[in-house]
Every structure is written in C-alpha cells, then in structure tokens.
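Asker: Residue strings, one per chain:
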Amino acid sequence: MSFDNKSLQNLIMGALERIAFLVVEPTDPNVTNDLPPAYASAKIDFDGFAMGTVVVSASEGFLLEMASGILGVEPEDISVEVEGLDALREITNILGGEVLRALGGDDNPSRLSLPEVINSAPSTWPTASCLMDAMGELLYVSWYSKAAKKAA
Amino acid sequence: MNCNVLIVDDSPILRTAIKKVVRLAGVPDDRIHEAGNGQEALDVLETIWVDLVLLDLNMPVMDGEQFVVELQKRDVISDVAVVIVSTESNKERLQRLRDLGVRSSLHKPFEPEDLCRLITEIMGVAS
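Here the protein sequences line up with chains W and G, keeping their order. Just so you know, we're using the working numbering here: the first sequence kicks off at 1 and counts up by one. Just so you know, we're using the working numbering here: the second sequence kicks off at 1 and counts up by one.
Bear in mind the hints are in silico, worked out from the structure with no lab data behind them. Hints may be right or wrong, so weigh each one.
In silico DSSO-like pairs for lysine-lysine, Cα to Cα no more than 27 Å straight-line [said to hold, decoys possible]:
id, chain 1, residue 1, chain 2, residue 2
1, W, Lys146, G, Lys91
2, G, Lys91, G, Lys73
3, W, Lys146, W, Lys6
4, W, Lys6, G, Lys91
All chains, full assembly: derive it from the sequences and hints.
Answerer: Okay, structure coming up:
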C-alpha cells in the first residue's frame, strides 16, 4: 500500500481533531517559517509484517495546547513536563497505531512498542514526514520504514 | 448509573480524559477507579467489585492481553464487562481477545460520544 506525506498528514489531522479537538495544518518545510523550535520528541517502534519507527516532535506551546485539549482545561493550568510530555507520548502511541493500520495492520500481525521520550531523532532520512502548523506552534511527525520480516 | 468502572491505561492524561466521558455517561465520581497497568488493575479487583473495565492493551508491567488472560484463569472474566480502548486494530488479536471473553473494543483515537454510547449500551441494562 502506498503511504506518503499526504497520507501521514491526513492521519495527524484526524487524530488530533478527535483526541484533542485541535485543528492543525500542513506547512511547507522548505519555506522559511516562524514556528518555534521543538521542545521534545517521542518515538514508537513497530515490528511484524511492517517495521519502522514513528517520531513526533513538538514545540512547548503545542504540547500545552494538546494537553489542554485532551483534558478540557486552560493551557495555563498545564505543566509541560507532566501533562505535556504525557500527551506527547500518547499522541505518538496513537499515530504509531494509525500508521500501522494504514499500512495494513488490520489484517497483518504486528506489535507496537511503548512510546518513549527521546533526545534525538534517527539520523536516517524519513520515509514520510510532515511539518504541521498548529496556530503558530510546531508539530513535526516522521515515519522511518525498515525492511519488513518475511512471512513464515 | 449504579456501576463501578475501572479505567486501565498507562497514560494519566488519557485516564483523566476517559474519566470525564465515564462521568458524562452517568457514573458518579466515587464509582470510577483507575489503574496504570494490568497488575495494578488486578490489585484493584482484589479490593472492590467492578462491573466494567475500560482496558488499554499497550502498557508496561502487565499489558491488557495478559490482564485478560489472568481474568480468565481466575474464572472471573464472565462477571466483568471488559472493553478494549486501544490503538490495536489487528483483527486476529481482537478476535483472540473476544474469544477470551472481552465484550467489545474501541479504537483510539475515539470520539467521546462513541465511548459514552458504548458504556451506556453495555451497562445500561445493568444500571
């Protein structure tokens, strides 16, 4: 199944709208923008018929907005280190599941790892990636595909 | 709704979000309980009667599937309504869980209304 930047964008927009009531829009990574830098990144690996890693990076403001949307409270009442990073792990978990599903996970056995906050993204070029602008805050999602295991 | 609900998810923020939906379904605060993994959920079940378990699968220490297997071993799976709330979409795994006695499943990310409806459907008759 073909899975490209556009497919990834659609998954991100759908997931954030449902889980955090957030509207985000893709933006061209090649065009200079004023988006703030990433505050934190998290990754989730999947293994089985498809193998790979999804990495999600977000600015501090985005983490506050996302956690605020999930909890239904004001961003001022959120701690970025507590609820913000928890929200980052959860959206990484959800996007990992969504990517796997888009690749055919409904009908093929696979396993997701636990999501974890990381210090640096993989040094390889991503298979698909999206830079999203969420009301002036940054969200960057990338998917790194690895060779799939052959069926027994 | 006079039932005890146990939310099992390793993400505190998701547990809080799910708790709000459970409240909206009509379950009072003092009847909503939380656990961060399958082992903690078993500990809760040792102390209180639970009617409905909203269960994540991908968790540390004891995952959701191990928890369901444990309920079956203890012969209590038929007494508790277990609903999977997870990113899991693999049909084979979900069917295996249903064969073990899981009542239903809801895919994350979900609409709050869908979870509310599911809780009402499953617990409505018993309430």
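Asker: Does Lys91 (chain G) sit within 27 Å of Lys6 (chain W), going by the straight-line distance between their CA atoms?
Answerer: holds (26 Å)
Asker: Within a Cα-Cα threshold of 27 Å, do Lys146 (chain W) and Lys91 (chain G) meet the stated pairing?
Answerer: Holds - the C-alpha atoms of Lys91 (chain G) and Lys146 (chain W) are around 23 Å apart, at most 27 Å.
Asker: Keeping to a limit of 27 Å between CA atoms, is the pair of Lys91 (chain G) and Lys73 (chain G) held or broken?
Answerer: Judged against 27 Å, a Cα distance of about 23 Å means the pair holds.
Asker: Against the 27 Å threshold, does the CA-CA distance of Lys146 (chain W) and Lys6 (chain W) hold or violate the hint?
Answerer: Within the cut-off at roughly 20 Å; holds.
Hint check: no violations occur; every hint is consistent with the structure.
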